[in-house]
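Engineer: The hints should help you fit chain B onto chain A, whose structure is shown.
Going line by line, the protein sequences match chains A and B.
Residue numbering for the first sequence follows numbering that gives the first Met the number 0, starting at 0 and increasing by one per position.
Residue numbering for the second sequence follows numbering that gives the first Met the number 0, starting at 0 and increasing by one per position.
Every clue listed holds true.
With a cut-off of at most 27 Å between alpha-carbon atoms, the simulated DSS-like pairs for lysine-lysine come out as follows:
| no. | chain 1 | residue 1 | chain 2 | residue 2 |
| --- | --- | --- | --- | --- |
| 1 | A | Lys112 | B | Lys451 |
| 2 | B | Lys441 | B | Lys360 |
| 3 | A | Lys31 | B | Lys366 |
| 4 | A | Lys112 | B | Lys366 |
| 5 | B | Lys366 | B | Lys451 |
| 6 | B | Lys164 | B | Lys109 |
| 7 | A | Lys112 | A | Lys166 |
| 8 | B | Lys360 | A | Lys166 |
Derived Cβ-Cβ restraints for the label pairs, each shown as a range:
| no. | chain 1 | residue 1 | chain 2 | residue 2 | range |
| --- | --- | --- | --- | --- | --- |
| 9 | A | His6 | B | Asp351 | 45 to 51 Å |
| 10 | A | Gly210 | B | Leu483 | 22 to 28 Å |
| 11 | A | Leu403 | B | Gly433 | 44 to 50 Å |
| 12 | B | Gly442 | A | Lys462 | 36 to 42 Å |
| 13 | B | Ser32 | A | Trp35 | 44 to 50 Å |
Derived from the structure by calculation, the hints contain no laboratory data.
Just so you know, even glycine gets a beta-carbon here, dropped at the ideal spot from N, CA and C.
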Amino acid sequence: MDFIGQHLLSIILFLPVLAALIVFCLPAGRVKLIRWVAFLASLIPLGVTIYLWIQFQQAESGFQFQEQAAWFPAISSTYHIGVDGLSLPMVLLTTLLVPLALLASFSITDRVKTYMILFLLLETGMLGVFVSLDLLLFFVFWEIGLVPMYFLINQWGGENRNYASLKFILYTMAGSLGLLLSIQLIGVVAGTFDLPRVMEVWNNLQGTLLGLPVATVKAVAFWAFVIAFAIKVPVWPFHTWLPDAHTEAPTPGSMILAGVLLKLGAYGFLRLVLPLFPQEAHKYAGGLVFLAVMAIIFGAFAAFGQRDFKKLVAYSSVNHMGFVVLGIAVAAAAAGTQHATLALNGAVLQMFNHGLSAAGMFFLVGVLYERAHTRNLDDFGGLFALMPVYGGLLIFISMASLGLPGLNGFVSEFLVVRGAWPVFTAATALSMLGLLFTGAYILIGLRKVLHGPLNTRWVDHLKEINLRELAVIIPLVGLILLTGIWPAWILGMINQAVTLLF
Amino acid sequence: MQLPFLSIIIFSPILAGVLIFLLPGRLTRLIKSLALAATGVSLALSLVVYFGYDTTAGGYQFLEKIAWLPSLGINYLVGVDGISAPMVLLTGLVASTGVMISWGVSERPKEFFGFLLILAGSVFGVFASMDLFMLFFFFEIAVFPKFLMITIWGWPKTRVYGAMKLTLYLFIGSVIALIGALAIYTGSGLHTFDLNLLQTANFSFEFQRLWFPFVFLGFAILAGIFPFHSWAPDGHVAAPTAISMLLAGVEMKVGAFAALRVGILLLPDGAKYWSWLIIILGVINVVYGAVIALIQSDFKYVIGFSSVSHMGLVLLGFASLNANGLTGAGMQMFSHGVMTAMFFAIVGMVYDRTHTRELSKLGGMMKIMPFAGVGFIIAGLVSMGMPGFSGFAAEFPIFMGLWQKSPVAAIVAVLGVIVTAAYILRVVGQVFFGAVPAEFEKGLPGISVLDKISIAILAVFMVGIGIFPSLLSSLVGSSVQQALAVLGGV
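This is chain A alone, in the form it adopts within the complex (with noise of 0.2 Å):
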């Protein structure tokens, strides 16, 4: 018992990596058991993460629950793992959407067995990001992510999938050849890659380093991890791979992507860039708003102009995630004071809350998919009359996408506005300007699905959501409205952190 006690951290990474070494030795004809044997592994990391939440020490400061063991001692690198009050919401997340995503993928029927294997690696690669304390394990689950979303967008996509891959992972990869690069730098400076030891190697450095300053390599060093980042999340200009990969993914990995990929891009901003460069990102917050409002507006705008529901949803990801980066700007030009918490306290909360909603909405958007096999919003319209349970949940899951007040979005949207208002007066205006046609292009797309006359070609063709959908979509919906009413349930544990790193 001690053993798995002081473990459970490793579990939850690695549970799904079993999970899927058992999937691996069982009958490929067998689907129904592949299926629920890959479901049913996949709640023991929910399961062991909620553990961890209830023994989560909020009044003790640091990471907890760590794990340190020797890995490649040649380049001093360890495996060091632990969880703080930014990293375990993160956590709950991700093995929380993993086994709705395993649920929704339920309807897959080609290759099943592979298919799970993949998604149940990518589980551990996820999780890996979000518990590394060691840069070095850090790059290696930040890249070993791309290799299963890869193949399953390559292999259980749409039409365009071979493009869309390609891009994907081609984009990510240039954008982490720098953070690579960065990251050896570092190690060299440093001698190791454990987090908290570099903090304090690398902020402390003076004089000159490869014949430059010190400050000229961080410069360069910064912008590195901020485009690696930026690429993943994604922010504008860089945000292109984004709906391509969306529109070509199969449901359950569009779930999975906005989800939690990519908050790995924001959670790579709060815990390497903001603590190991602060004067660097002091220095540039002024462009990462501008980037953010660029989100802000032109994701908004793009999502106004589409006509393809999957891509509406796409680009509202790019609209929404700039809110989580507007809240970084914030803490990087005025880290340490109280707008900066505020804000930080809304971006992390964003970072959920839009997991919550993101995955909620591409599941949807997949259901009626699955149904009608088009996506083109003019096809549909008063699909609420065939489909009123359908209809409501995705009113409901749209609202808090828009921001209705009760319901999550709001108080994370809020809370980055406030904390970024003394801050950005003027940016901050310009991106409500973005959160209008935010309204506007829900309300649309709500329209044209559920409202207006009703397109008679559907008339007995769309069957009313089924129980496993609704298995799906019910725990979103439950959390939604959880943290739209009582957000301290979460944010207890986010200030916490926050107050203590920034």
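Structural biologist: Just chain B, lined up with the frame of chain A:
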């Protein structure tokens, strides 16, 4: 008394090869079994050596010494250190899997397996030699079987050209290296070929500066250094599958290994003086090799040029002359060897069934041979330097070493990584996914059990070292520390 592990590893394939030549050719089953048994023994013992190597003691272990030509100071002197032990294991892996995937060779199997075994034995000999003369001896034994095997069993269209080109390049390289080696022998005044003794010779700086390019470049030609790399893709493509595996997987490492052992460790000041040149050539290898691989239309040429690109990283690790770079180079030699053997094995399996290597004519092989497809993807991920696979564990320290030596080179060379990702994804997409071309739709045979075993063995090492890099880095690192003492702690 300890068993003479290394001698058994070296001579079990050689003796089996000679024995096969004495057997009547119609006993093909016996011949194949004998070949598999001999390489299997070598593989098993090389595992013993690998895991028996004491990393805390370091230095050369499993030593054996027999006076051979005492008047000239030549001894049969074998032993392994942390850099050569993985190379011996690599040779065991590639030789035994090479025999397994050649099971279907129907043309003159007796000569095929006979030569294959002699080739494998000679490579074992190079890696285990601690005597400069012995090293050359084993080095040259390999030339003859290579040439014959490419011309007889190679790809009919280019086998004569490929074999000639390869042999001439390697011959010229070894002659240049030999000149340097003789200069070292006479210049040391020690009357010995013992590499460890030669390390203590204290050559003057002028001497080292003059002779280092001979020794290093001579051997590096065999490692595919730019601009002397073109034999590698031509030779690899022309050769039959098992020989491609051995050539790219092991023979290129022979060149790199000898360049390190004879060039850098005997003439360290020369290495320091010339390291800028190696870095420039190495960077060209990495980036140029990858770009050329990207534009190939022939499946096998893609892999051939990928070897050029990856061997550039080994050279860069050497040239960094520090702990990280050398450790990474040692790991990369092993990782690349296993990876490229897997690549060539699978290219061979695809070709044997489709009789084409044109990328545009292939497709959908994942449906016909899923096991090979997964194997190829794993090797591809190693090649891309994907974390969690052995390639990353090797490349990362190389780049760290390069940062300390030449940051610009690190930044330029990393471009090779993204080009590599592009060409790997391209071939994976064209060969293994998509629709099966109409001409193959009526069904191609799947791969055999022995093929699957080979793929599984190689994959285990690529993934195992990727997840637990210290399995390899602890050995390599222990000897790198001693090498650094020679280099005067750069």
